[in-house]
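Trainee: For reference, the chains in residue letters:
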Amino acid sequence: EAQVTQNPRYLITVTGKKLTVTCSQNMNHEYMSWYRQDPGLGLRQIYYSMNVEVTDKGDVPEGYKVSRKEKRNFPLILESPSPNQTSLYFCASSFLQGNNEQFFGPGTRLTVL
Amino acid sequence: SQKIEQNSEALNIQEGKTATLTCNYTNYSPAYLQWYRQDPGRGPVFLLLIRENEKEKRKERLKVTFDTTLKQSLFHITASQPADSATYLCALDMGTGGFKTIFGAGTRLFVKA
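Residue numbers (the numbering used here), protein chains in the order written: chain A, 1 to 113; chain B, 1001 to 1113.
Next up, chain A with everything else stripped away, as it sits in the complex (with noise of 0.2 angstroms):
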C-alpha cells in the first residue's frame, strides 16, 4: 500500500530534550516536506526536500532540523524543543512533475512541557 508513515505518532516531552520525529514513503517521491499545523494557523511548511541531500527552509525553519541522506526517509529533528513548538506535525511526499499531489502521514501529536 502507498502511504507516508510516521513515528511517533504522539509524544509528550520537556524542554530541551532532543526528539526526532521520522518520515517514510513507499512511492519514490522526489520530495518530502514537514508542516506543523496550529489551530487558526493552519499547515505552514517548516523545511521541504527535492532529492536526496537537497533540503530548504520553508517559513518557519527555526528550533528544527532536518536530513535527507536516503530518497525514502526524512526524519524532523528538534534539539532543544521547547513549549512553543507544541504542535500537530504532518510529512508530506510527491513527485516533482505532474499534479504535485502531496501525500501527507497521518500526523505527529507533539507536546512540550
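I should point out that these hints are in silico values taken from the structure, not numbers from a laboratory.
Just so you know, not all the hints are guaranteed correct.
Partial list, computed: chain A residues near chain B (C-beta under 7 angstroms) [as the list claims (entries may be wrong)]:
hint : residue
1    : G42
2    : L43
3    : T86
4    : F95
5    : N99
6    : E101
7    : F104
8    : G105
9    : P106
10   : G107
Stretch by stretch, here's where chain B covers chain A in the computed footprint (C-beta under 8 angstroms, at least three residues) [said to hold, decoys possible]:
hint : region
11   : 11-25
12   : 69-82
We put the CB at the ideal spot given by N, CA and C, even for glycine.
Place chain B on chain A using the hints.
Mentor: Structure of chain B alone, referenced to chain A:
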C-alpha cells in the same frame, strides 16, 4: 509576502445544495493552486489542482475556478452530502522556483441531512 485567506467561519449548508468555498491570495499569482480535504485527526488529502492558465477544473461533483485578476479561487461541491463535511484547505506555490508551499487555514464545511 504571499498570504492566503480562507473564510475562517464554518459553512453550514443543507444536503443537496451546492457548497462554495473561497480562497483569496495576495501579491503575485501562483503557478498553480491546489485544494485538499482534511478530516479531524487526519492528514490532508489532495482533491484538485488548477494551473494559472486554466480557468476551471472539474472532477465528479467538484469544480474549481481560478481568477488571477481577482486573485481568487472558488471551490464548489455540487449535490453536497453529509459525507462531504470536513475542512477544505487551499494551497499554492510560493513562486520561488523551488517547491515552497503555503496553505490557507481552511474552511470547515458542515452538510446537514
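Trainee: Flag every earlier hint the structure violates by its number, smallest first.
Mentor: Hints 3, 4, 11, 12 not satisfied by this model.
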